[in-house]
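> For reference, the chains in residue letters:
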Amino acid sequence: MAIKQLTIFLENKQGTIVSVTDTLAANNVNIRALSIAETEDFGILRLIVNDARTAVSKLSEEGYLIKVTDVVGVKIGDAPGKLSAALGVLSKAGINMEYLYAFMARTEKHAYVVLRVEDNATAEKALEDAGFHLITDADIDKL
Amino acid sequence: MEKHYYQKEIETMPVEDIKKLQSEKLVKQVRHVYDNVPYYRNLMDEKGVKPEDIHGIEDLHKLPFLTKADLRDAYPYGLLAKPLSECVRIHSTSGTTGRRVVAFYTQNDVDLWEDCCARAIVAAGCGKEDVCQVAYGYGLFTGGAGLHGGSHKVGSLTLPMSSGNTERQIQFMMDLNATLLCCTPSYAAYISESLKEQGYKPEDIPLKAGIFGAEPWTEEMRHQIEETLGIKAYDIYGLTETSGPGVSFECEEQTGMHINEDHFLAEIIDPDTGEVLPEGEKGELVFTALDKEAFPLLRYRTRDICVLSRKKCSCGRTFIKMAKPMGRTDDMLIIRGVNVFPSQIETVLLNEGYQPNYQIIVDRVNNNDTFEINVEMNPEQFTDKVSEILAMEKSLANAMKTMLGINPAIHLVAPKSITRSEGKAVRVVDKRKLI
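Heads up: the protein sequence lines correspond to chains A and B, in order. The first sequence begins at 995 in the working numbering and counts up one residue at a time. The second sequence begins at 1377 in the working numbering and counts up one residue at a time.
Next comes chain A alone, as it looks inside the complex:
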């Protein structure tokens, strides 16, 4: 059920991110969502893309340190309180969350949240039981 997130190690140097996005652009990879975690020394770029396989192979070829992680994607209504409702479900189920980021769909009146949790299966079950719609890699392709 989970979706594939690419994690890329970025050295704290000028032009590192743009060279990643250039590579993706050159290979016709579309970025759906993006988040950056940064420290003083390095950054960790997390991406959801339409074509993860091409992105991984091209970025690896260029020597980037890259890792694919399964994360939970959940569709929520684009209205106040919807994110809280989803997070409330996880909190009630006692699921620890590492990080999350959200993105909007272009056409639908929906937002999507990417969740990095300890245990994907439990989180997915809790969300589905509460009536949330989870998204898959196939959904990402269609966005």
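No lab work stands behind these hints: they were computed from the structure. From the three backbone atoms N, C-alpha and C, an ideal C-beta is built for every residue, glycine too. Be aware that one or more of the hints could be misleading.
Below, in silico cross-link-like pairs of lysine-lysine (DSS-like), each with a Cα-Cα straight-line distance of 25 Å or less [said to hold, decoys possible]:
id : chain 1 : residue 1 : chain 2 : residue 2
1  : B       : 1577      : B       : 1384
2  : B       : 1404      : B       : 1423
3  : A       : 1119      : B       : 1761
4  : B       : 1396      : B       : 1577
5  : B       : 1577      : A       : 1061
6  : B       : 1807      : A       : 1052
7  : A       : 1007      : B       : 1761
8  : B       : 1379      : B       : 1688
9  : A       : 1061      : B       : 1444
10 : B       : 1761      : A       : 1086
11 : A       : 998       : A       : 1052
12 : A       : 1007      : A       : 1061
13 : B       : 1687      : B       : 1608
14 : B       : 1396      : B       : 1384
15 : B       : 1444      : A       : 1007
16 : B       : 1807      : B       : 1395
17 : B       : 1688      : B       : 1700
18 : B       : 1401      : B       : 1458
19 : A       : 998       : B       : 1761
20 : B       : 1761      : A       : 1052
21 : A       : 1052      : B       : 1572
22 : B       : 1572      : A       : 1061
23 : B       : 1792      : B       : 1807
24 : B       : 1770      : A       : 1007
25 : B       : 1423      : B       : 1444
26 : A       : 1007      : B       : 1807
27 : B       : 1761      : A       : 1061
28 : A       : 1069      : B       : 1761
29 : B       : 1807      : A       : 1061
Rough simulated footprint, nothing fancy, chain B against chain A, three-plus residues with beta-carbon under 8 Å [unchecked claim]:
id : stretch
30 : 999-1005
31 : 1027-1038
Once you've looked at the hints, dock chain B against the given chain A.
Relative to the frame of chain A, chain B by itself:
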């Protein structure tokens, strides 16, 4: 098991005979240098020593030392002892610590040097039937030329690859069944990482031995290279000033390097007082070249910190053994008043599951030393969680603190991102401007 030597009679000569031979050669060599090298003659005259005062190795301590500074002062021809018309080759140091040193060779110098390298190759269990891949740099650097020449002397099939272009190295190694790899240990580690990444297992790799030198490396690094490549990894030592690699070499015992004592006379001295220390004590390694014609250094201070041992070796060679240098009198960093050797940092990295690919950066901010170590992360250690990477950095910093006594800032960096030049990694960047 049958023992193999390149020059058995010399390599297994009784110690008393070696000393006698050294004494005879020293007397002649001092005369040669005094007569032909005005620079050294002046040093001897200043010290009040004449060639007639040197009757054998017991008088060695009377001679003045030569240092790297002398070599720089005398650049380029000041220590030359033969007319240029009799010289056939020049090699040079990389010049990383200042002005380059150029060394001159007569044909006889080249021959004896290549013999030394040939002894190392045979001691590594190789011979005529082997394919020797020389991945040391060719050119002014002595690594390529030395092992290349040694390989020819032994009669191995020589692959003169020079350093770099790892893809091609691997292709030749696999397609032409290289059985002996000669390069710097950091390049050997790099090649072995690349082979592993490409899915090669030790049993797929035709190599059986490696001769790695020209830079410091640790036992842990040796084990790692041996395991990944499925080989025995042998150390070799030398410096451009004394000819190049092959001054000493390891045998199958892998417990130190036999010094080619028929050509080189070794001493250990106290680096502060210059006093000769008894065998087994740690100090600065000093070499006297006994046969070199063109560039015959007497009592040259290597700045390598080392121990000598005359303990009987199971390989049958009687040449004295030197331990792997424990650091250099000038590589030693003094950070916040504490002595730090890069080799200690390597040891910690290997113990903690990292590759020994690192760079030390020392600076001084507001009169305090800053001490940072960039360390290449293994791809399998990479995670999407910032907290885990920070925890890895912290745990490595703690391990460093335990070993060194001071706390470095650790920065994990991407694999293969630390600059390598001629296969030698730039290990230390000292930005302190101390006057």
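> The structure should be examined with respect to each hint, and the outcome stated for every one.
Status of each hint after checking the structure:
1. 1577(B) to 1384(B): violated, 36 Å
2. 1404(B) to 1423(B): holds, 19 Å
3. 1119(A) to 1761(B): Since the Cα atoms of residue 1119(A) and residue 1761(B) sit roughly 23 Å apart, the hinted pair holds (cutoff 25 Å).
4. 1396(B) to 1577(B): Judged against 25 Å, a Cα distance of about 50 Å means the pair is violated.
5. 1577(B) to 1061(A): The given pair, whose Cα atoms are some 23 Å apart, holds under the 25 Å limit.
6. 1807(B) to 1052(A): The given pair, whose Cα atoms are some 37 Å apart, is violated under the 25 Å limit.
7. 1007(A) to 1761(B): Given that 25 Å is the threshold and the Cα spacing comes to 20 Å, the pair holds.
8. 1379(B) to 1688(B): holds, 15 Å
9. 1061(A) to 1444(B): Violated: residue 1061(A) and residue 1444(B) sit about 48 Å apart, past 25 Å.
10. 1761(B) to 1086(A): This hinted pair holds, its Cα atoms lying about 23 Å apart.
11. 998(A) to 1052(A): holds, 16 Å
12. 1007(A) to 1061(A): holds, 20 Å
13. 1687(B) to 1608(B): holds, 22 Å
14. 1396(B) to 1384(B): Satisfied, since the Cα-Cα distance of roughly 18 Å is no more than 25 Å.
15. 1444(B) to 1007(A): With Cα atoms ~38 Å apart, residue 1444(B) and residue 1007(A) exceed 25 Å; violated.
16. 1807(B) to 1395(B): violated, 46 Å
17. 1688(B) to 1700(B): holds, 17 Å
18. 1401(B) to 1458(B): holds, 17 Å
19. 998(A) to 1761(B): holds, 15 Å
20. 1761(B) to 1052(A): Given that 25 Å is the threshold and the Cα spacing comes to 23 Å, the pair holds.
21. 1052(A) to 1572(B): holds, 20 Å
22. 1572(B) to 1061(A): Holds: residue 1572(B) and residue 1061(A) sit about 18 Å apart, inside 25 Å.
23. 1792(B) to 1807(B): Distance ~23 Å between residue 1792(B) and residue 1807(B) Cα, so the pair holds.
24. 1770(B) to 1007(A): The given pair, whose Cα atoms are some 22 Å apart, holds under the 25 Å limit.
25. 1423(B) to 1444(B): Distance of about 19 Å is within 25 Å: holds.
26. 1007(A) to 1807(B): Roughly 19 Å separates the two Cα atoms, so the pair holds.
27. 1761(B) to 1061(A): holds, 11 Å
28. 1069(A) to 1761(B): holds, 23 Å
29. 1807(B) to 1061(A): Roughly 35 Å between the alpha carbons, so the hint for residue 1807(B) and residue 1061(A) is violated.
30. 999-1005: Contact hint for the stretch 999-1005 of chain A vs chain B: holds, 4 residues under 8 Å.
31. 1027-1038: Our answer is that it holds, as 5 residues pass the Cβ test (under 8 Å) against chain B, meeting three.
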